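With the hints as constraints, model all of the structure from the sequences given.
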Amino acid sequence: MAINRLSASLIAGAVLLSGPLLLTSCSRDDDRIVVCNRYTWIDRSVAVVAPLDDPLEKARLERTATWMLDNFRDAQLSGDVCVRINLQWYDENSENLEELAGRLSEDDGVAAIIGPFTSDHMVSFANICQQNGKPLIAPTITSDEVIRRYAIPTKTGTQITRPFFWSLTETDVAFSEVVLSAQAALNQQFRLTSEGILLSPDNLDGQTFFNWTPFQAENLGVRLVYNRLYNEDNDFLTMFRDALDYESGQKHPSANFCVISDIHQMVDAMKLRRLLFQGQSEKSVVDSLRTYFAFSRISQEDIDQLSSQDRLILENAQGFAPYADPTTGFEISYEERFGVRPTLSECKFYDGLMLAAFAIYKITIYGQDMEGQDPGRTPNEIMNDAIYDICFPNSVRQISATVWRANLMKLYLESLRSGLFPMFRGASGNIGFDTETCSPASGTFYIHWQIVDGKIQILNYFSSEGNHRVGPATAAWRFFYDENTAQKRFALQASDDNTSLTYPALTDQYAVLVHASEGFGNYRHLADVLNIYQHLRRGGFDDDHIILIADPSIAYSKYNPEPGTIRTSPDSPDLMVNAVIDYDASLLTAYDISQILMGCRSDRLDVVVPSNPGHNVFLYWSGHGHSRLTDGTDEFQWRRTPAGDGFTRQMMLNTVKQMHDSQAYRKLLIVAEPCYAESVVNAVDGIPGVLAMTGANSNEQSWADHWNKEGSFWMSDRFSSNLAIAVRESPAITYRDLYLYCAQHTLGSHACIVNAAHFGNLYDSGPAEFVIKKD
Amino acid sequence: MNRFVLLMLTVLSTITLSCSRDGNTIYCLDPEEPVPSTAPLVTVIYNADALGDRSYNDIIYRGVEHVARENGLRTAQLSPQDYEEGLSYLKTMFDRVSANAMDSVRQLYIICAAGYDDYIRANNHLFENNPYADLLYLETSDSLVGKGSTLHLPYYGAMYEMGALLPVLDRELLFIAANPVDVTVSKSVEGFASGFNSDYYDVDYNRYYQTVWNNYDTVIDVADKNLRIMYLGSESGDGFNVPDSTLLRITGYMMGGMDSPTAIPVCGGSGYQLCYLIDILNAGRYAGIDHDVLSPNSPISCVKHIDRALELCIRQWLSPQGLPKHQSLGLADGYTEVIRHFYNDRDREIADFFITDSIMNVIRQDAIKQEKEHGY
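Residue numbers (my numbering), protein chains in the order written: chain Y, 1 to 775; chain E, 1001 to 1376.
If you're looking for bench data, these hints aren't it; they were derived computationally from the structure.
Be careful, since some hints might not be right.
Which stretches of chain Y does chain E cover? Using the computed rule of at least three CB atoms under 8 Å from a CB of chain E, they are [stated by the list, open to error]: (1) 33-41; (2) 74-81; (3) 324-331; (4) 450-461.
Partial list, computed: chain Y residues near chain E (C-beta under 7 Å) [as the list claims (entries may be wrong)]: (5) D29; (6) D30; (7) A182; (8) N407; (9) L408.
Fair warning: this is a prediction, and the values are worked out from it, not measured in the lab.
By construction, the Cβ of each residue, glycine as well, lies at the ideal position given by its N, Cα and C atoms.
Below, the structure written as C-alpha cells:
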C-alpha cells in the first residue's frame, strides 16, 4: 500500500539507522507488521489499440512495452514518487472501433490512447476522440489526409484549437519523396528523365502516394506514366504484370515503385520480374528496370518465415521504409536484446509509451493545476497540455538527449523535476512536433534496404531533416514552390512572340461559374464557386452578367452544421447571402455547359453567354477531374457521371474553337480547379485570345484546404483559395504575378498557365479585365 | 567484481530486508519493491553523429551491449549531435567522476571520439580522485599520461593483405583517403600500397588470364594493375564527411573509363555514402572498410573486430588485474582481418585458382611481419 513521501522517507531513514540492530530483534504475538514502500507509487492507465490478431506483431509490441516500462520504472528510482503505467490492450482488427473509441474517450481513468496503428482504423477513432479531446498518440499513422484532418489545429480567428492528436511519424508525403530519391540520383548522374510507374493500395495510406508522387516525380525528373490504385477487383499482381509488360517494351531505363503492406506481395512481384527477365544478368536487368518497394512493415521475422525458395526469390529486392534514427542506438540495443531488428511499429510504439509516461509523470510531479493554466481544465486537456509542455521545451540550451534507456531517462526525469523541460530523443529520434501546427512529427527517418543473403541490409538512411549521418530528403510537407523554377516555367510558356495580337474594344464582360460536383463531401467546390461569385459582385458585376451553375442542396444538407450557410473557412462570411443561382447543376449535363458558353439558347437553357467579339468571358470551374493517367479519360468530371461523360478535353476544344470561329468573345479566361485540369485545358493551346490557368498539371491532384472539425469536411480548395486571396488583396495584379503567387502558395500541385503565347503580354495585364466590371 | 562492491551489495541487501519498531508496530520495507541498480556502469561517448554508420561505431555499440548483457552491466551510450554537445557530455562526466569519488558503483568510461583528444589528455587526471571510475580511450597508439588506458587496432597489416589480394580480382584500384595527415589514414594507405607493390601473383596470374580468359580481345597483363590514390581533404579531420555532390563526381569519375576501378574508401562517413552511391548506381565495386560488407558490389572487406577487442577490455576491467595501460591488437591477434565474399562466377573462379589457403597464409604472415616492423 502506498504511503506518503514524508512517511516513506522517515521510515526508510529509521530503517537505515536502526537496521543492523534489529537484525537480532524478535517479533511478539501482539505486534502489528506494516509493510512500507520507499516510494509513493501512482497507478495510471494507458490504452493500446494495436493489430494484436497478428501473433508476431503482438509478441513484438508486448516485449517492447515491457522493456520501456521497466526502463521507466528504473529511471524513477532516484526520486520519491514513481508512476506505474498499466496498459489496457485492444485488438484494432477485431474490436468495434467506434464503440471502443467512445468508451475509452469517456473514461477519465485512461490518460491517453496509443494507436490504432493503421490510418483507416485511426479515422474511426480520431473522429470520436476529437469530440472531447482525448489524447491520441499515433505511432505509425502516415496518411496525409488523416494527419491534415486531425493533427493540425484549426485556426478560428486568432484562436488555435488545442491539439489532441499526436502523430509520431511524418506523413507518407515525405516517404514518397524518399522512395523516388534513388531513381532521382540515377537521373542526376546520367542526365536521364526516366519513366516511372506507381502502384499503391486503395486505402488512405496508398492514397497519399497516389496523390503526392506525381507532384514530386515532376520535381525530381521522373516522368510518371502510370499511377494506379490496386484493390480486390484490380489486384496488385495483375497491375504489376501490366506495368512490367509496358516497361519491357521501352528502350529507356525505367522504374516501378510499389507500395505494399505484405511480404507475399513482394515475393509475387519478384517472381514475375525474374520470369520476365529470365536469362539476363541481374546487372543488366537492374540497369534497365528498377523495382523499389515502399514497405513500412518489412521485418526479418517475416522473411525468415518464408520458404527457402521464396527467400531466394527475394534476393537483391530493395526498397524503402520509415525507421528509427540510427544515432539513438535503439535498433542495435533491441537486436542485441531480442535477436532481431525492431520494426517501425516497435520503435514508434516505444516512443509513444514514453511520451505518455513522461506527460503523466509531469502531471504527477507538478499537480494538475499549474500556474498560468486554466484551473477548470478537463483531464484530457491537462494531459494534452502536459504533452505540449514537454515537447516544446522551455530550456535555453536545446540539448536533445537520447533518453530512451533507463540511465539517461533518469537524468531527463531529474531535469523535469527541477523545472527544466529539455528536448528529448526517443527510440526513433527526436520527439518533436511542428512549432506552427503543434502536432505532426517534424522529422522521420527512412532506410533504403536491400535483401542480401536472406537478410535485410540497410544501404542508407534518410530523413526529412538530414544530419551528418543521414541524407536529407526535403520534406514536401513544407514544400514551397521555388520562385526561380516558377519564373523559368512561366517564361517558357510565355516565350512565343505574341506582340502581334490585337483586340477589339471591350464592350462587356460575362462570367460562367460552374460547380460541377455533387454530395456534401464536396462542400468546398460550392464554397469556392460562391467565393468567386461574391468577388465578382463586389467588383461591380450584376447577376445578368454572371451565370451561376451550382447545386444549392449542399447548403441545406443535414450534414451542414450551419444549414443554408456556406463559407470557405470557419471565419469567412456567409457566401450564400444574395447569391442568385441561374441553373441547378443537378438538372444539367456537361454538354449543357458547352451550349451555355457557345450562346446556344434553348427552352431548357434560357440563360447563355451572349456571343460578341467585344465580350470578355470568364469561365471558372470547380469540381473533380479524371485523367488518362488514372481513369482513362482527360475530363472535368460532371457530378457523379461515369468517366467519359464529363466535360472532356475534346469538348473543351470543340467549345472554345467554335466560340473563336464565331467571334463569340474578345478574350476568354478559363480558371480550373479540378485534379489533372491541365490535361483538359491544354486543348485550347494555339487558339488566339484564350488563357487558361489550373491548380494542377496533367498528372497530379489538386488539393483541399481548411478542414472543418465540427462537421468533418473540407471548406475550400487550395488553388482557388490562393487565387481569391491574390485578386482580392491585389486587384491590379498581373497574370504573371498571379501565376507566381499561386505557384508559390499552392502546396502539393503545380499551378499551370496554358496558351500564354496566344493571349497577350502577361506582364502588364491581369485578371481585373475579367473580374472587375468596366463602366 | 571486487571485494568492496560485494561487501556493499551485501550490506544493501541486508538493509532492505530490515524493519523498524514503533511500539507494537513493526514497519518493514517491501522486499519486492524495486531498488536502484548498483551494477557496474559502462558509459561510451562517440564523436558527433557517429552512431548509425553501420560500421565501426555501430560495431562498438553492439559489442558493448553484448558484453554488458552477458555480465549484468548497465550501459549508457552517448552519440552527441554536434561537437559542442559531445564536449559538454565529457565535461559533465569528468566533473562528476571527480566530484562523486565516494560513489562506490564501478564505472568505466569508454571514449571513442578522437575529436576530443586535447580535452581528454588535459583532464584525465580527474579520474585519479575516484577509485571506482576508469577510463578507456580508443583508438590511439599514444598512451595517456596519468590514469586511463588506451586501445589501438592497427590497420597496417590488414591493409597490406588487402593490397596484395585485391589486384587479383580487379586491376584498376582507386584508394579514396580522407586526408594525408591523420595517422590512421596514412598508415592504411602505406600498408595497402606496400601490399599492392608485392609480387605474389606475377607468373601464375598471367598464365591464368591467357588460358581461362583468352576469349578477351586483349589479354590483360599483370603489370597493368593500377592504383590511384585520391585524398578528399588536406588537413587533419578533413574528408570524413564530404557533400554528396562530391561523391557523385567521384562515382562519375569511376564510371568514366573503360574499366570501373574498385574503390577502397578509407574516409569514414564519406566512404559509407560513396559505397551507397556505388550500389544504387552500379558504378563499380568497392572494398568494405572496418566491417564485413554484404553487397554484390563488394568482393572483399578489411575488418576491425573492435567489438571483440572491447569485450576483452571490459572483461579485463572486471577482473582483479584491471585494464592494461595500453594495448595494440592487430592482424596477428585476429582483431583485424581481410574477409572475402564472392558473388559472381568470375570472382569465384579466380579465387579458386589464386586465393588458396596456402597463398593466403603466406600473404598473411608477411602482412603480420610488416605490421610488426612498423612498430605495432
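Status of each hint after checking the structure:
no., hint, in the structure
1, 33-41, "holds (count 7)"
2, 74-81, "holds (count 3)"
3, 324-331, "holds (count 5)"
4, 450-461, "holds (count 9)"
5, D29, "10 Å, violated"
6, D30, "6 Å, holds"
7, A182, "5 Å, holds"
8, N407, "4 Å, holds"
9, L408, "6 Å, holds"
Going down the numbered hints, you'll see the structure goes against just number 5.
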